[in-house]
Amino acid sequence: MIRDARPNRVLVSLMSLGLLAWLGLDALSVAPNRLVQGTPLNPVEALGWWVTLVGALPMVCVVWLAWRPTAFRLWASLGVVVGLLMAMPLWLSGAVVAVLDPELPQARVGIGPGFWVLLFLWLLVLVELRIRLRLRRAWVWGLLLFVLVVWGIALSHWLTPLALVQEYQARSDQFLEAVSYHVALVGAAVGASLVIGLGMALTMRRFDGLRRLGFGVLNFLQTIPSLALFGLLLAPLAWLSHQVPWLGALGVSGIGWAPAWLALVAYSLLPMVRNTYVALEGVDPGVIESARGMGMSRLQVFFQVRLPLALPVMLEGVRITTVQAIGLTAVAALIGAGGLGTFIFQGLGQAAMDLVLLGALPIIAMALMADALLGALAERLRRREAA
Amino acid sequence: MSEAAFNGPGSVNGRSRWRFAVPLIWLTALLLLAVGMTTLEPLFRLFEPDLRQVIYDREHFWVLLGEHVLMVAVAALLATCVGVAAAVAVTRAAGRDFMPMVAQLASIGQTFPPVAVLALAVPVLGFGTVPLIVALLLYGLLPIVRNTLAGIQGISAEVLEAARGMGMTPRQVLLQVELPLAAPVILAGIRTSVTVNVATAALGATVGASNLGDPIISGIVNGNTAYIIQGAVMIGLLALTVDSLFEQLQPGVPGQSSGAQSGQG
Amino acid sequence: MIELFDVTRRFGDETAVDRISLRVERGEFCVLVGTSGCGKSTTLRMINRLIEHSEGEIHLDGQPIRDFPEDQLRRRIGYAIQSTGLFPHWTVARNIGLVPRLLQWSGSRIQDRVEALMALLGLPPEFAHKYPHQLSGGQAQRVGVARALAADPDILLMDEPFGALDPITRQTLQVELRDLQDRLDKTIVFVTHDMDEALALADRLVVMHEGRIVQQGSPIELLRAPADDFVASLLGGDDRGLKEAALVRVGERMQPITPKVGEAPWVSREATLNQALSLMLWHQTRHLLVVDDADAPVGRLSLDALLQKAHHE
Numbered sequence: 001m002i003r004d005a006r007p008n009r010v011l012v013s014l015m016s017l018g019l020l021a022w023l024g025l026d027a028l029s030v031a032p033n034r035l036v037q038g039t040p041l042n043p044v045e046a047l048g049w050w051v052t053l054v055g056a057l058p059m060v061c062v063v064w065l066a067w068r069p070t071a072f073r074l075w076a077s078l079g080v081v082v083g084l085l086m087a088m089p090l091w092l093s094g095a096v097v098a099v100l101d102p103e104l105p106q107a108r109v110g111i112g113p114g115f116w117v118l119l120f121l122w123l124l125v126l127v128e129l130r131i132r133l134r135l136r137r138a139w140v141w142g143l144l145l146f147v148l149v150v151w152g153i154a155l156s157h158w159l160t161p162l163a164l165v166q167e168y169q170a171r172s173d174q175f176l177e178a179v180s181y182h183v184a185l186v187g188a189a190v191g192a193s194l195v196i197g198l199g200m201a202l203t204m205r206r207f208d209g210l211r212r213l214g215f216g217v218l219n220f221l222q223t224i225p226s227l228a229l230f231g232l233l234l235a236p237l238a239w240l241s242h243q244v245p246w247l248g249a250l251g252v253s254g255i256g257w258a259p260a261w262l263a264l265v266a267y268s269l270l271p272m273v274r275n276t277y278v279a280l281e282g283v284d285p286g287v288i289e290s291a292r293g294m295g296m297s298r299l300q301v302f303f304q305v306r307l308p309l310a311l312p313v314m315l316e317g318v319r320i321t322t323v324q325a326i327g328l329t330a331v332a333a334l335i336g337a338g339g340l341g342t343f344i345f346q347g348l349g350q351a352a353m354d355l356v357l358l359g360a361l362p363i364i365a366m367a368l369m370a371d372a373l374l375g376a377l378a379e380r381l382r383r384r385e386a387a
Numbered sequence: 388m389s390e391a392a393f394n395g396p397g398s399v400n401g402r403s404r405w406r407f408a409v410p411l412i413w414l415t416a417l418l419l420l421a422v423g424m425t426t427l428e429p430l431f432r433l434f435e436p437d438l439r440q441v442i443y444d445r446e447h448f449w450v451l452l453g454e455h456v457l458m459v460a461v462a463a464l465l466a467t468c469v470g471v472a473a474a475v476a477v478t479r480a481a482g483r484d485f486m487p488m489v490a491q492l493a494s495i496g497q498t499f500p501p502v503a504v505l506a507l508a509v510p511v512l513g514f515g516t517v518p519l520i521v522a523l524l525l526y527g528l529l530p531i532v533r534n535t536l537a538g539i540q541g542i543s544a545e546v547l548e549a550a551r552g553m554g555m556t557p558r559q560v561l562l563q564v565e566l567p568l569a570a571p572v573i574l575a576g577i578r579t580s581v582t583v584n585v586a587t588a589a590l591g592a593t594v595g596a597s598n599l600g601d602p603i604i605s606g607i608v609n610g611n612t613a614y615i616i617q618g619a620v621m622i623g624l625l626a627l628t629v630d631s632l633f634e635q636l637q638p639g640v641p642g643q644s645s646g647a648q649s650g651q652g
Numbered sequence: 653m654i655e656l657f658d659v660t661r662r663f664g665d666e667t668a669v670d671r672i673s674l675r676v677e678r679g680e681f682c683v684l685v686g687t688s689g690c691g692k693s694t695t696l697r698m699i700n701r702l703i704e705h706s707e708g709e710i711h712l713d714g715q716p717i718r719d720f721p722e723d724q725l726r727r728r729i730g731y732a733i734q735s736t737g738l739f740p741h742w743t744v745a746r747n748i749g750l751v752p753r754l755l756q757w758s759g760s761r762i763q764d765r766v767e768a769l770m771a772l773l774g775l776p777p778e779f780a781h782k783y784p785h786q787l788s789g790g791q792a793q794r795v796g797v798a799r800a801l802a803a804d805p806d807i808l809l810m811d812e813p814f815g816a817l818d819p820i821t822r823q824t825l826q827v828e829l830r831d832l833q834d835r836l837d838k839t840i841v842f843v844t845h846d847m848d849e850a851l852a853l854a855d856r857l858v859v860m861h862e863g864r865i866v867q868q869g870s871p872i873e874l875l876r877a878p879a880d881d882f883v884a885s886l887l888g889g890d891d892r893g894l895k896e897a898a899l900v901r902v903g904e905r906m907q908p909i910t911p912k913v914g915e916a917p918w919v920s921r922e923a924t925l926n927q928a929l930s931l932m933l934w935h936q937t938r939h940l941l942v943v944d945d946a947d948a949p950v951g952r953l954s955l956d957a958l959l960q961k962a963h964h965e
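Just so you know, the sequences run in chain order A, B and C. For the first sequence, this note's numbering begins at 1 and goes up steadily by one. For the second sequence, this note's numbering begins at 388 and goes up steadily by one. For the third sequence, this note's numbering begins at 653 and goes up steadily by one.
Incorrect hints may have been included.
Claimed, not checked - Stretches of chain C that chain B covers, calculated by requiring three or more beta carbons in the stretch to come under 8 Å of a beta carbon on chain B:
no.	segment
1	714-727
2	734-748
Said to hold, decoys possible - Which residues of chain B face chain A? A partial, calculated answer using Cβ under 7 Å:
no.	residue
3	F499
4	L507
5	T593
6	I603
Stated by the list, open to error - Which residues of chain B face chain A? A few of them, derived with a C-beta cut under 8 Å, are:
no.	residue
7	P487
8	Q491
9	L492
10	T498
11	P500
12	A506
13	V509
14	A586
15	A589
16	G618
17	G623
18	L627
Treat the hints as calculated values from the structure; they're not laboratory data. Positions of the beta carbon are idealized from the N, C-alpha and C atoms, including for glycine.
With the hints as extra help, turn the sequences into a complete structure.
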């Protein structure tokens, strides 16, 4: 099936770039404490020439393998890249031991640009290999899980001087709270918009005028930038909580979860309603007609035929909405809604970059996971439908 | 893009007289507000009767507006050039090897929340206007690359074969057939990119770039609702102006507004 | 004149076209016919180098086609395909004027040419400013043919140009194309899988199967003496007699005597023998009265004359 005799230029160029990044960019920085700007170190400075050359070897190996990409050689490259991704934290652990002065317990190690570039390039290599070897997505996620386990072990045992880890340890309780709060807020917003969205889509299918009006309003809302919408909700909610004491007692106020949740629902409605509407409308009329022809009642047609057939496209709406809400919730931290965005904006305020990362990385991970899970679910439903 | 979906320029000319009425209304409101925010002082007094200062005065609103527009415009311009060029490159025979990866990257990248991209730009690039523009540019690339790819790949194989069969050079095929036919889809990509970036740029105040987000952030920090409303209304109007402008430029099918596809700041 | 010498085309391990040799004379209407996947479209595309041949040589007026830059070569050869491939973002006039513009003709010359072609193909002048999606299938196909003819190429390559049309439009366009060919004297290579279309159009019929040429010759030659069972069944099996009859006009078999009016059912001189046979079956008669365009009787056709093999062919 793969009998390409030409070099796989994608792999060759990615790995060549990787070599350049490895040999030319700073992979680490060392600072005596949190406040001082760190000193950048490249891999040679950190662990010497020999280790750096040994580290370069697998990348050269992939270039060589990709030069004549038979299926076997691509599989071998996959092995090498996964190996590299797992070796990365181990190398870091070694480097941490080597570069840190034991006299300075406050010293911390920052991750440099070279490291991020390499991680990015290797993940791209993984993407390319997945495409060329036609691997299932779930399969690659499985591989990445392995990599993550190695990372987890290294992070918890040997990488404590890493600034990112230190920021985490300083606020591990807060972190867990922020994650669960973030998830809860996203869940509440997506859940509410799912219910409201389904209701709106059903109503819009009945009344044409309402459909135009509804989409007009939702489009309008979606156009307003999030920060502006959060801001605009602030005043009326503050006023409301003053006027209606029991709302205030519930925690509704100009800042906090209430405006965040409202704005999230407002943004979530457009993709949700649009997908639900399109999904319900998109069901093959022939199927509906034959269902009715068999003598199914209206309700039976809806619940047993139309809704199940529309489900994959509706799930697509849930996926878009969820990914969008994860990002928007981060912005909501600015109006005191809590969640992982708090770390980002605190970090930006204090110029503590590792605190920014502590907020941003989990948000990206959450978005990617939500995207992958919901995407896989929709795919599964679709395949079952096709079968 | 189906051939039937293509409305010739004739249909656009039909409504040309009033096409730009809506964007013009939003724009007028935006400019009036930028120049004359101070005259609304009594109104904002209602929100914050106890504060000494109710009109944001660290910078003129028209300066903030100019900065905001400039950042987004520079980023959008660069993103369009780079994005279209990249998508064109990977659809040529010479770059086709890179296409699956670039397509995947563009679609995976769009799952990244824009605020996270902005946050990641700071450790790498530092604080200030340039890092903000780079972050906007990088994030703005994705929908443009994706839509350009979709637009070019959506052209029917027969049209391309006919173009080659008639003796057009590859350059002529690209400039006279592929890009014009993909234009509506590319424009939709630029619209998504700009819409997201208007919103994301507003967060620039947190990374040391000054623009219309400043009054909001400052208002939140100082507990001044009036500031927040001023910034929010200005950003909202700017977004509406830009979006309605793209709406009118779009020659595509009504109801298929891909501008607000997903992704907010 | 187009000549193919032992031309082969491989796609990976597949051999799509296997050592075929073919010679199409100037002014000849050559139809490549065969089942789908037999290599006929590949052969056509190799002539204008949309597909490069792997082995062998293709000559155009005695010169190897690889001597020409591809773009120049294609501008010399008209090309029309099934789905027309009209540019949806260009008007009809601009579509037709494509190749002249590539050849950098002057604006007025292009305009004159476009108008002349639209007239030639029976397209009303007001169509000039329409867009392809506003045309019916038949109209779009006329525009496609006009575009192929625009720069007055000596050679025209056509790949199932009428494949997507309804039978009636299709037949009209076939008649018009044949007519056009008689007037313009182009060298045409035409690909189709429809045997009736092939028989109706071809001067030379080339039957292809699994990448090879199985048989070539005039339609009558092939009908009379199919090389093997495959060709015979492709030509219509037992219907071959009727297909052959469809190639001969009544005027060629009638006896040119002046018969008495009202003697028998009448048939036009321009009708084909199979139509005449059908009339005989319908009216249960052995004789038909033959009339000319003005419905004036000019001859008489008997069943015996109809069944007789033509000696002069």
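>> Flag every earlier hint the structure violates by its number, smallest first.
In response: Checked against the structure, no hint fails, so every one of them is satisfied.
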